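Asks: Chain by chain, the residues:
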Amino acid sequence: MENPFGKITSLEKVMEAFDNGMTLMFGGFGGVGSPPALIDGILEKGIRNLTLIGNDTGFPHIGIGKLVSQERAIKVIASHIGSNPIAGKLMHEGKLEVEFSPQGILAERIRAGGVGLPAILSDIGMDNELVAKNKPHFLLGGKDYLIETALTADVSIVYAKKADPYGNLIYDKSARNTNPLVAMAGDITIAEVEEIVPLGSLNPDEIITPGVFVDHIIPSKGVNWKWAWE
Amino acid sequence: MGLGIDFRNTIARRAAEEIRNGMVVNLGIGIPSLVPNHLPKNMLVMFHAENGITGMGPSPEKGMEDENLCNAGGFPVTLNQGGSYCDSAISFGMIRRGRVDITILGSLQVSQQGDLANWIVPGKKVPGMGGAMELAQKARKVIVLMNHCDKAGNPKIVTSCTLPLTSKACVDIIITELAVFKVTPKGLVLTELFPPYDIQQVADKTECEFTVSDVIRKISY
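In order, the protein sequence lines correspond to chains A and B. FYI, in our numbering the residues of the first sequence are 146 to 375. FYI, in our numbering the residues of the second sequence are 194 to 414.
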């Protein structure tokens, strides 16, 4: 495959982007749409003290759950940790800080970060102490809103079905989920893709993530975990 | 949770009566997931999943699962004609913009004002709210399907929720294995009973006061 933008690389090379203590944003929902090779690469490199940002903590052996289960994260910003009991256990033991954000507001905070906005106004969860705690309010048109800050990350990792050498991405069915948002919010964005196709072969009308947002592309060998339903 | 499949299906069947042709409906896990089985065959309903599916169809046959086509609970589903995929931001945009007609979900407690507490048991279970807050706050109609009492026999329909709230004054209808309540500005109204239960039995298992509708439907399927 021609590599005119230098974005197509290998897992080994792209691992240089990962360091201890970094903020890592990941695509996926219950592991669906999370990049398996990148997650394994982070595990194998021994990266620790991560702040993870994503929809949920997967399952103990699925998706980002692998990193959480092996205690590689010190903080998680997510909407749900229920499918990964190890995350709950670590939280109760004080080994993992968890910031819960309502799912759609989390998505919008990531989107805001990805499109260069500092914050959004939200009326979700204002009655809830955990959501509203320590957040500034803003009065607009006589209504009270929470200011929800935007989220960005040192590195974003996403999983896509196809990429061209520029990093234009299309996703597969419900594996799209948070990926297009996460792809925009990384200072560096790495896409793990099932197939790399020649420039010009993706239908421009069907591209979901413009390659502008993608810095590195690595080929995937597909999911290497067993799903809960299998 | 302690209820036989028949009770669960009875509750689900009653909930299905709320759904009209063409509606956008979001279903939670547990009893709500049984609701589609009770809809008329020719009814067109767009089932919405938080992870970015509109027009979700039933589970595929064994061996036909697609690992990249799953519902918000992580289980394989299918896509009906006219269905579409979107990212999480757009999926919740549909909810917040009021385009989801009904959300049907489970709960730990519901108060007489329609307060919903379904996301946290302090010190025990802290799974996170997921998408429940947006759904509870912004879906046009919120229907709670749940056991009338918890495993210890404590009423789940209460004067005031003791568990942390998901959202205040958001529930429209409560359906349990005993009865159906409508939530009104004046509190709960008992509108339907599942025989053999009677009003007294419901009152005994309900913590808060409620009024009784002039006409009580006794549901027998």
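Because the hints were derived from the structure by calculation, they are not lab data. Some hints could be false.
Calculated pairs, DSS-like style, for lysine-lysine (alpha carbon to alpha carbon, straight line, at most 30 Å) [unchecked claim]:
hint: 1; chain 1: A; residue 1: K234; chain 2: B; residue 2: K318
hint: 2; chain 1: B; residue 1: K375; chain 2: A; residue 2: K288
hint: 3; chain 1: A; residue 1: K318; chain 2: B; residue 2: K234
hint: 4; chain 1: B; residue 1: K411; chain 2: B; residue 2: K379
hint: 5; chain 1: B; residue 1: K411; chain 2: A; residue 2: K280
hint: 6; chain 1: A; residue 1: K288; chain 2: B; residue 2: K361
One-sided and incomplete, this derived list gives chain A residues near chain B with beta-carbon spacing under 10 Å [stated by the list, open to error]:
hint: 7; residue: Q248
hint: 8; residue: A264
hint: 9; residue: D268
No experiment lies behind these values; they were computed from the predicted model shown. Cβ atoms here follow ideal geometry from the backbone N, Cα and C, with glycine treated the same way.
Asks: Any of the earlier hints contradicted here, and which numbers?
Replies: 5 and 8
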